[in-house]
Amino acid sequence: MTRLSCIVLAFLFAVSAHAQDLSVSATVDETTVAVDADVRYRIEIRGGTYSNVETPQAPSAEGLRLVGNLPLTEQSVSYVNGELTQSISFSWRFRPTQQGEATIGAASVTAGGRSFTTEPISLTVVDAISNEEEDVTVQEVQDTDAFIRLKPSTRSIFQNQQLTIAYDLYFRVGVQLRSSRLADSWDAEGFWREDLHVNQPTAMRQEVINGLRYNVVTLKRVAVFPTRAGMLMIEPLRIETEIALPSRSGRVFDSFFSRSPARFKPAIVASPGLEVNVQPLPNGAPASFRGAVGSYRLRTNVDRRDVSTGEPVTLTATVSGRGNIATLPEPVLELPSMVDQYNVRLDDDITRAGSTVRGSKTFTYTLVPNSSGSHTIPGPVFTFFNPESGQYEADRGPAITLNVTGSVAPATSRITDTRFPANDIADVLPFTHFQRTAAGRPLHENWFAYLGVGLPLLLLLGYAGYRRFTRKLETDVEFARNRRAHPLAKKHLKEAEQLLQMGRHRLFYEEINRALLGFIGNRINAPVLGLTHVQLGDLLIQRGVDVSIARELVHLRNEADAARFSPVAPPREKQETAADRAAGLIADIDEGLK
Amino acid sequence: MVLGLALMAQPASAQPTVEETFDQALEAYEAGEYARALTLFEQIEDAGLESGPLYYNIGNAHFRLGQLGPAVLNYERARRHIPLSEELQHSAEIARRQTQNDVPFLPRPFWVQWWTWLVAHLHPIGLFYIGFSFYLVTAILVGYRIHLGRPHAWARRIGVLTGLFGLLFLAAAWLASARGDVAPSAVVMQSNVTVRTQPDLDAGSSETIHEGLLIDIVDRADDWLYIYLPDGTTGWIPVAAVEEI
Chain A
37 MTRLSCIVLA FLFAVSAHAQ DLSVSATVDE TTVAVDADVR YRIEIRGGTY
87 SNVETPQAPS AEGLRLVGNL PLTEQSVSYV NGELTQSISF SWRFRPTQQG
137 EATIGAASVT AGGRSFTTEP ISLTVVDAIS NEEEDVTVQE VQDTDAFIRL
187 KPSTRSIFQN QQLTIAYDLY FRVGVQLRSS RLADSWDAEG FWREDLHVNQ
237 PTAMRQEVIN GLRYNVVTLK RVAVFPTRAG MLMIEPLRIE TEIALPSRSG
287 RVFDSFFSRS PARFKPAIVA SPGLEVNVQP LPNGAPASFR GAVGSYRLRT
337 NVDRRDVSTG EPVTLTATVS GRGNIATLPE PVLELPSMVD QYNVRLDDDI
387 TRAGSTVRGS KTFTYTLVPN SSGSHTIPGP VFTFFNPESG QYEADRGPAI
437 TLNVTGSVAP ATSRITDTRF PANDIADVLP FTHFQRTAAG RPLHENWFAY
487 LGVGLPLLLL LGYAGYRRFT RKLETDVEFA RNRRAHPLAK KHLKEAEQLL
537 QMGRHRLFYE EINRALLGFI GNRINAPVLG LTHVQLGDLL IQRGVDVSIA
587 RELVHLRNEA DAARFSPVAP PREKQETAAD RAAGLIADID EGLK
Chain B
108 MVLGLALMAQ PASAQPTVEE TFDQALEAYE AGEYARALTL FEQIEDAGLE
158 SGPLYYNIGN AHFRLGQLGP AVLNYERARR HIPLSEELQH SAEIARRQTQ
208 NDVPFLPRPF WVQWWTWLVA HLHPIGLFYI GFSFYLVTAI LVGYRIHLGR
258 PHAWARRIGV LTGLFGLLFL AAAWLASARG DVAPSAVVMQ SNVTVRTQPD
308 LDAGSSETIH EGLLIDIVDR ADDWLYIYLP DGTTGWIPVA AVEEI
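Protein chains in written order, with the working numbering: chain A, 37 to 630; chain B, 108 to 352.
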């Protein structure tokens, strides 16, 4: 085979493949048209290659006349989801010849070596529309402009079987919608509802209905499960929106050259209601059936089989499959009397993608054996009605054998002494001491408790402080002398006072001198006895004592020395003044040394 | 004549002592006069006195009169005083069995069981005394250390140990007291009480409990109590349906 023949064969194969995917459709831009307006008729071939498409002839029409024989040809190529899609369209303009019904006949198209015939399209020709009326009518929403179509998976189901409903919003190509939202809460009385996922943002597609091309958006997908039998009604789904309709003036170029923006008006678009025939479940349900409908499997697991009496065992039963997972009843679990059951914990995992609700529900049981031995628990049973087979089906988990050891746990039993009657209370108790009814506060509100804890702590802190003080007195000479300065000075001054009363002036002045020197020596922690009066004054000045105070000290000591060695006692008033001056000096020197 | 004079010599208005009233109540009980016995026992209680045997005997009298709720209530009150009494444990168990409640006890972790046992047997005040004793020993050892002015190896070791124990028991006492763990329970006093999911008579019900069931009170809201049942269930019941221990 030559290379050229290979290429020709490949081309033929490609043409053949494309021919398999070809689609041909005929549409008009309006099915209701004014008598003085034009209507555009369009034939579109999708999926073919341009070389294989022959230009079709305009179809014949009744009540309309063709404006121009040559069609307007448009080509487009799009690449969506990895697939190349080509389309070519031919359009003509027709003009009504009279009011009433009009028809555009079938057109023949040859593409990809095949012949196609389009459907005829019926139109209604109405009276010419005046400009004033146009403003009003242009905003009217007709059923053909926008509507919601409801697509149920079926109209007859069993009770509790899933019914899937899709709500698609259709709006004409050229119609604009904005601010769309649900008008009211959509209701489906007598149904359990599960909203199915809708891709966001919703993909828009196009469909042709009765010769008109529509944009289609899926608004809502919902799975409903009827909770009772009979004829049940699902209310319409309504959306509030703002809609802008295209011009129907027939002037083709209006939309291209009009400077005014599209006029949006509020509108309500609603789907029809849906009547569903719900059949009751067939008779003959087994005793273990508790209302589950769908297709399920049961898996069980127990965390341990060797256990002591009174210890909990966790049994999990997971029901998974397709159906109303949220309302799945518990599997039937028959427990022997030796095993107690506690609250059941529920966990569910529901998948709402796709067209059916699926998932799993896990029942976690806490079981506690109340006596020792080998206890066999029959496997849990989950019974459901399968609408696909029309039969009741059951899935049973394996039996569980618990090996229980040990005596009865204290939590689940009480002591019953053999001294007491087995089924009666024990006798009354004799008199014992009584106490006053505790009307006091509880411990945490009782200040005695806080005092009890706080007092030893305070005592310890006090003792620690005291010990620190005494230890410092013992070890720190300066501290000790400083602490002793005042008491010693007071003691000497007191003795001086007594000597003054006794009239012993020499001893009085000696005591004054002792009080002053003793205080200063202890206070500055230095030997002062060998210092002269002036030297002592200078020392005090060096330590921060005021000069006038130092001078006063020198004067007083000189006066004391003079009095000590004088045969005549100084006047009584002078002696009393000396005692006061000494006390004042001690205070001043103490202040100056700080 | 002499006997008559002797009787007249006694003051006519002499009140029987508590011990005498108690003995009279016991005699009435033994004679099968349970209502009278109950009245006499309750006279002692009304006088502001209490004891484990008193509550236990009141419980017994109620039990004999077919009043399960008050019987369980008084057994639980007695349990605060004489938790280890075998008579009490036996009679309380018999009373519990006769209630219509089929609520199993949810097994609790071992530490919860230990804590419950400890608080039931020692009470917060017992825990406090133990903790305080350890605390005092620690304080004395610290005082000794301060007095010595230097650490002492053994005193320090013992002090650390007693200090830890003291803190542990004191904290436990405070915790038990503040949480009301002694017996924060109440007893159902009405024959049928619906446990509701909300504090509202129109709210859904989770289950029905009966007279004599012991419950734990978790929270309060107006005339409703949020309760915890022995099997772990929680819900709301009216305040009037129970009496607190």
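Honestly, the hints are just simulated from the structure, not real lab data. Heads up, a few of these hints could be off.
[Stated by the list, open to error] Here are a few chain B residues that sit away from chain A, every Cβ distance over 10 angstroms (derived from the structure): (1) 150; (2) 151; (3) 194; (4) 222; (5) 231; (6) 258; (7) 265; (8) 302; (9) 305; (10) 310; (11) 323; (12) 327.
[Said to hold, decoys possible] Chain B regions said to be covered by chain A (calculated; three or more residues, Cβ under 8 angstroms): (13) 127 to 133; (14) 160 to 166; (15) 244 to 256; (16) 272 to 281.
[Unchecked claim] Distance ranges between label pairs, derived from CB positions: (17) A:271 to B:347: 36 to 46 angstroms; (18) A:387 to B:312: 52 to 62 angstroms; (19) A:366 to B:347: 31 to 41 angstroms.
Every residue gets a Cβ at the ideal spot worked out from N, C-alpha and C, and that includes glycine.
Run the structure past the numbered hints and jot down the numbers of the failing ones, going up. Hint check: 2, 3, 5, 18 fail, others pass.
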